Structure formats: C-alpha cells, structure tokens
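These protein sequence lines map, in sequence, to chains A and B. With the numbering used here applied, the first sequence corresponds to residues 1 to 290, in that order. With the numbering used here applied, the second sequence corresponds to residues 1 to 309, in that order.
Watch out, some of these pointers could steer you wrong.
[Claimed, not checked] Stretch-level coverage of chain B by chain A, calculated; a stretch enters the list once three of its residues show a Cβ under 8 Å from a Cβ in chain A:
id	region
1	8–15
2	238–251
[Stated by the list, open to error] In silico DSSO-like links for lysine-lysine, alpha-carbon gap of 30 Å or less:
id	chain 1	residue 1	chain 2	residue 2
3	A	225	B	251
4	A	135	B	65
5	A	103	B	301
6	A	225	A	47
7	A	175	A	103
8	B	251	A	47
9	A	225	A	135
Treat the hints as calculated values from the structure; they're not laboratory data. Predicted model, so just to flag it, every value in this text is computed and none were measured. All residues carry an ideal CB built from backbone N, CA and C; glycine is no exception.
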Amino acid sequence: MMKKRSRSRNSFSYRLIIAALVFFAVLCVIPFWYVMVTSFSDPQLVKEGQFRILPTGYSLQAYEMLFRDQRFFSGLGITVFRTVVGTSLSVLVQTAMAYALAKRFLPGQALLTRLVVFTLLFNGGIIPNYLVIQKLHLLDTVWALILPMGFNPWNVMLLISFFAALPASLEESAKIDGANDLLIYSRIAIPLSLPAVATILLFIAVRHWNELMDGIIYIHASNLKPMQVYLVELVMRTQMSSMIEPTEQNITSVSMQTAVIFASCLPIIILYPFLQKYFVTGIMVGAVKG
Amino acid sequence: MSQLTQRSNRFLTRIYRNRYLYLLLFPGLVFMLVFRYLPMGGLVIAFKDYMLRLGIWGSPWVGLKHFRFIFTQNLDFPNLLRNTLSINILKLLFYFPAPIVLALMINEVQSLRLKRTIQTAVYLPHFVSWVVFGTIVMQFLSPRTGLVNAVIQAFGGTPVYFMQESEYFWGIVVISEIWKSAGWGTIMYLSALTAINQELYEAARIDGANRLQCTLHISLPGISDTIVVLLLLQIGQMMEVGFEQIYVLCKPIVYDVGDVISTYIYRVGIGNAQFSMTAAVGLFQSVVGLILIATANGVCKKLFDKRLW
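Same shape as in the complex, but just chain A:
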C-alpha cells in the first residue's frame, strides 16, 4: 500500500496536477497581493507601471488622500450598518421561516414550500422591484438596502434541509416537558444547527458587504451611498477624466483606487481564516438536493 502510494505521488501526472493547481491558487491570490503592494507604494512610481513584489518607495500618500475624503467614511458607515442590521434581520427571519417549513405535519407547509421554490424560478425583475421600493417610500433610505434581502429562497431551502435532518426525538422530549415551539426553536434547533446557521450568516454578511446594484438603483443621496457605490463612482470618475486629459493627478488615482479596495477588503481578509472552518465540505449537499 505504502509503496503504491509513494509511486503515484511521484508520477508525472500527479506532479502536473499539483503544478496546475498551485498555478491557479497563486493566480487567485495575486490580486490581493497586488492591491496591497500598490496601495502602499509611492503613487509617482506606481504610474510608471511596474509591478513589484514589494512596495516601491513605501508611502501612505494614497491613504492620506483617501482619509481626507468624507464620502469614504459615510460609505463605510452605511455599509457597516446595512451589514450588521441586515444580516441580523435576515438570519432571524430566514431561520424562523425554515424551521417552521421543515415541519411536514404543519397544515399548509407543502403549499408554502412551493411558494418559496417558485421564487427561485421566477422573479418580477428590476423595474417592478423598483416600483415596490418606491411605493413603500423606501427610496433613498438605508432600509431599501436591508429589507428586500430579508427573505432569500436559497438560504431558506438550505436551512429547511438542515432543520429537517435534526433528530425528532430531542424536540419530542422537550415538548413532553412542556416547551412550546418558540422555545424549541431558540433553545434546541438553533444551537444544534449552529454550523448551518453560521454558514448562512456568513453568506448574507458577505452579500451585504459587497452588494452594489441596490445602492445604484435605490440610493441617490450621496451621504447614503454604500462603500461599493463609492468605489465604483471613484473608478468611473477616474476613467472619465483620464479620457479628457491624461494628467498626472488622475494617474495617481490608481493608487487611490487600490487604497479603497484594500481598505474595503481588509475586514474580509482578517475574518477569512476564522470563517473558513465553516465552509465544511458537505454543507452544500443539502442545498443541491433540497
């Protein structure tokens, strides 16, 4: 057995696979390294367009420019708010709904599950969504970024399959002891499915942090624009001005863009190693077979 294994480890095909995988893995990390190095480099040297492994002429100039911009901080504030409030709301709403829909004996359960599945297959689209937000007087409020994400059929289906797999005996014995469904949901079902709930929480939080489209469509007041909108507007301003006159000042904004990107990715990069353990393999199987 051992012999066989070591032979296959040294085989040409195995080395080829490893080489290809390492190549792709490096390719996936390069953007992050590039952004970090560029944002800490001297803007004057960056515009000469040399990619270095280490910062060329270490400089905080890009960050000084960025931190003078009030819009960056308001964007960051909006994004943090929508992520914290929106994620809490969505997790509560979706776990509660999924817990109830996982009970096959519940009258109406089959119909309601079908209603959830149908929203996976068909949606009203951009314009009707916009009109609903408008009619609810949510345009230009941070709630336009939070409330529509309260329900998500993918997450609900994934959670249903998790709650359905919980052993029924625990809940039954709790019921005999006189616990009601609210208590069983909060004290038994949620703690037992913590990995699934944590995964959903992570998905929703990342989605809130990164979402661009709702900010573009629903928000016009500049003090309410989330960070992703701030970034995309910064990039587009740069492109416009560099088309009119390629001056030095806007070339240095490559540095400023990378500074915004690095600042906006920092929370994800810091949290990533801790969150990684939640992407346990197998967590998605239920979603697929749902």
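Here the structure of chain A is known, so what remains is to put chain B in place on it, guided by the hints.
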C-alpha cells in the same frame, strides 16, 4: 353537517396547536410576499403605459404594445439578446466545466495541508465584490500601468487597449468569471466527491486502473447528480447575465458587445424612466428563463431520471 363542523374543528385545533410555528413563519412570509410576489404583480405595467401620476392601477392598458415595440422597432433589443445569449453560451462552454475540472484535480491531492492551502486560496476571490475584482482586472489590463501590457511590451509587443476594443470584451467577461468564481464553484463538487465510497478506488487500483481511469469511471459518475443540477440552474440563467460584472467592466465604448438585458433595463428603464417598455423586456426575460429551466428539468427527468424538483 355536524360531521363537517367536526372536521373543521379538528382542522382549527391543528392550526391552534401549531400557532407558534405559524408565528415563526409569519415574518418570512411577509418578506416573501412583499419583496418577491408583489413585484410579480407589478409586472402588469408591461401591459400598460405606466405614468407615475396615475399609479400602477390608474395607468391605461395598452395590451401588447410594448412587446410589439420590442420585437419590431427597438433597435437595441436584437443586440441585447445576442450579447446576453453569447456571453451565457460562452460561460456554459468555458466557465461551467472549470469548477468540475478543478474539483477533480483538488480531489487528487494527497497531502491534506496542501489541499487545504489550495482551497483557501481559490475560494478567496469569491468573497470580494465585482466592483473590487473588476477594478483589479481593469488595472491589470490597463495599457499604461497594467501588468499584462507590461508582459506584452517585455516581449516586444505594443500595448493593447483591452477594455476599449469590442473584440476582447466577451473573453474578458468569461476569463474574469473563471478567475473569480471557479474556485468557490468547486465546493459542491468536492462535497459530492467526499461521499464516494473509498473502497471503489481501492478495488479499481487492485484491478490495475490508473489515475485517469479512476477519475473517469469513479469520480465523475459520483458527481454526475451535482453536475446535472448545476447545469439545469445554469441553463435557467441563460437569459440573465450578472448585472454587477457587466456594470463594472462594460464602458460605453464597448456597449455594442457588452450591453446586456439587465444593464439596459437599468439604464433605460430607471435612467430614462421608460418603466413599461423595460418591464416588458424584463417579463420576456423571466418567462423565457422559466421555460428554459422547466424544459431542461423535464428533459433530465426523462433521460437520466434526475431532476431539480
């Protein structure tokens, strides 16, 4: 009569007994109805001339006027349809197999630490936004400061204006999608691969099967269910191209190849307030998507006895 009241009483008792479950269900139901089903009702404006002053119900009915306009007079529409379908077909051909191949390769890695490291690296781009990733792609491709053009120049070529020439756009969209999403896409395949009985591999090895044969005859059939399900979903998305990727990457200069249905609806519908006409475009998109996924599901059920629902 008394039997009927008895039965309805029993039904009400069952409802009452589960009142807390309905309470848990209620907020989710409200969010679903308001933000998913209410907009579906709002699609009626595709058959009306929507005017803000008159509201959705007060605006006059116009029948299929907007659909007639889209299919006969709207000069942008054929182009939108071509771009949307082309980008999706290219993604189906080149992006869709990428996570499968990648997962099969990762599955071969014998060192657990190396495997973990590779997984950590390839998942990472999924966790940043398209604004971030698209901006990085554009900086890499920049003619003055970009890495790619630095390499081209090092080999004696002249800088290429990648983002400003139509011929490169679809390629950039597909490659950047692979770069950003193929790694995360492996997660479902990898979990399906762990479910395969390891004894199958042992038996095959004893019979003298090599690595490729094991992959083709054990691993690949083992994840075929997952492949079918994800293929169905991909086909159902045939009419939709992710808004954010295109919004970030597509500049007005390459609208001829880059403008897709979602970016058009946003720009013309909300930007120029042509709500009814673009709602009709959106309805067309959603209905075709629904037909596609239902058909794909039916075909798969018939041919492979595998289906989505």
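* Asked: Hint by hint, which ones does this structure get wrong, listed from lowest number up?
  -> none
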